[in-house]
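J.: Use these hints to put chain H onto chain B, whose structure you have.
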Amino acid sequence: MKNKISIYLTVFAACFISMSASAQNKLKMELSYNVSAPLGSFKNDYIGKTSFRGGTGELTYTINPKFSVGLNTGYQNYYQKYGRQLYKLEGNQVVSAVLTNSMDIIPVLLRGTFYPLADNATAKVLPYVSAGAGVNLVNYGQYLGEFGGTESSGVFAAQAGAGILVPFGQRSKQTGVKLGATYNYASYNHNEISTLNNVGINAGIVFGLR
Amino acid sequence: MKSKNLIWLFILAIAATFTSCSKDPLSDLTAEESRIYITDHDSTKDFKTFQTFSISDSVAVVNNGQVSKQLNETDLAFINAVKSELQNKGYTLVAKGANPDLGVNVTRIYNTSTGIINYSNYYDSYGSYWDPYDYGYGYGGYGYYSPYSYATYSVKEGAISVDMLDIKNAAASNKIEVIWTGLIRGSGIFNAATASAQVKMLFDQSPYLTSK
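Residue numbers (our numbering), protein chains in the order written: chain B, 1 to 210; chain H, 1 to 212.
For reference, chain B alone in the conformation it holds in the complex (with noise of 0.2 Å):
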């Protein structure tokens, strides 16, 4: 675990490092750290836990200044453990187990993102929103002590999203930090979920690659 976050970090400086320089890119490159909250059923139903574990990346077409483009796709896993409890099954018949219930989600995502500000010089701070639609790539799993298993499906996914771009020094190197919120929609219904809407806080860099 430790090592791979380190593979991850090494990878992730390299990227950095390695960014082209020259100016105005059509094409760029957004890696973000994702916390998500989830919501409604999701969080009533089956994990109410805050998820730490995640990330998104996009793939980025600038088509003007104001407006971009991009592949987004990511990685989010939730988890909840709840205390033995009795359950009952069909018929008459009860457990008494530990539950245990997760949830990975994978968006793939196209997604369009406006900055309203992006024309003007002296702006230090780019506020944008963004729109996309796509699949989200869901494995869900639930467990009776260590009896239990997963289920994967596709699922219609849609996301809302706004925050800020900080560029760095030169505007035209494209590069910056990008801090933003996603409200996350996907049109799940399996068992004892309806939802998987989610809320998710984003910290990431942009960098400009051709």
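Everything labelled a hint here was simulated from the structure, so no lab data went into it.
It is possible that part of the hints are untrue.
Quick list of in silico lysine-lysine cross-link-like pairs, BS3-like style, CA-CA up to 27 Å [to be verified]:
| # | chain 1 | residue 1 | chain 2 | residue 2 |
| --- | --- | --- | --- | --- |
| 1 | H | K168 | B | K43 |
| 2 | H | K89 | B | K88 |
| 3 | H | K212 | H | K168 |
Covered stretches of chain H (in silico footprint by chain B; criterion: 3 or more residues with CB under 8 Å from a CB of chain B, positions within the stretch not fixed) [stated by the list, open to error]:
| # | stretch |
| --- | --- |
| 4 | 36-42 |
| 5 | 73-83 |
| 6 | 101-108 |
Idealized CB from N, CA, C, for every residue including glycine.
T.: What follows is chain H alone, placed relative to chain B:
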């Protein structure tokens, strides 16, 4: 060229994130937390109508369908634990020959299958584990009847089953009915030190099981 490398680095980075972030539910469980205790019963039976019970003095070991009778330290701990739980519930222990109302069997079940096991199969051959004639309740020739089939889960190791049989009404119905059953599954269940705590779980979640 440079950008191609970057795309590979991007993919690597995301892949590393994918595998490092996930929490493995099974590695986050203690042996105690890994165990499940399942009970089932015939809700049409009034358990207050039974007063006495007799319990097997050995354990049937069902190993991939092969049966043997055994009695080790752990088996004895389980038998004694069931005995004292039933006495706590107000039932009186009597000898097998003394017309008990209830018969109680403890069975160890092993299956090396890694797939899905349906525990209804366990009851299908019940007569071969606990032969009604050999067992000495005096009802040789009757078959067993059990309406239960456990929910299916993937199997990691063995299970312990405690079954309660209606001997009192066997003659009237021409069958020995299993009227209560408890199943223990999970890590480290075959342990004399924790036998009584495990058996207590089964009885604690069955409040209807009382002679009074």
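J.: Within a Cα-Cα threshold of 27 Å, do K212 (chain H) and K168 (chain H) meet the stated pairing?
T.: holds, 17 Å
J.: Verify the coverage statement for the stretch 36-42 of chain H against chain B, using a C-beta to C-beta distance below 8 Å and requiring 3 or more qualifying residues.
T.: Answer holds; 7 residues pass the 8 Å Cβ test.
J.: Please verify the coverage claim for the stretch 101-108 of chain H: does it have three or more residues whose C-beta sits within 8 Å of some C-beta in chain B?
T.: Coverage by chain B is violated here, the residue count being 0 at a Cβ distance below 8 Å.
J.: Is K168 (chain H) close enough to K43 (chain B), meaning Cα to Cα at most 27 Å?
T.: violated, 50 Å
J.: Can you confirm whether the C-alpha distance between K89 (chain H) and K88 (chain B) stays at or below 27 Å?
T.: holds, 23 Å
J.: In terms of beta carbon proximity below 8 Å, does the stretch 73-83 of chain H have 3 or more residues touching chain B?
T.: violated (count 0)
Checked against the numbered hints given earlier, this structure breaks hints 1, 5 and 6; the rest are met.
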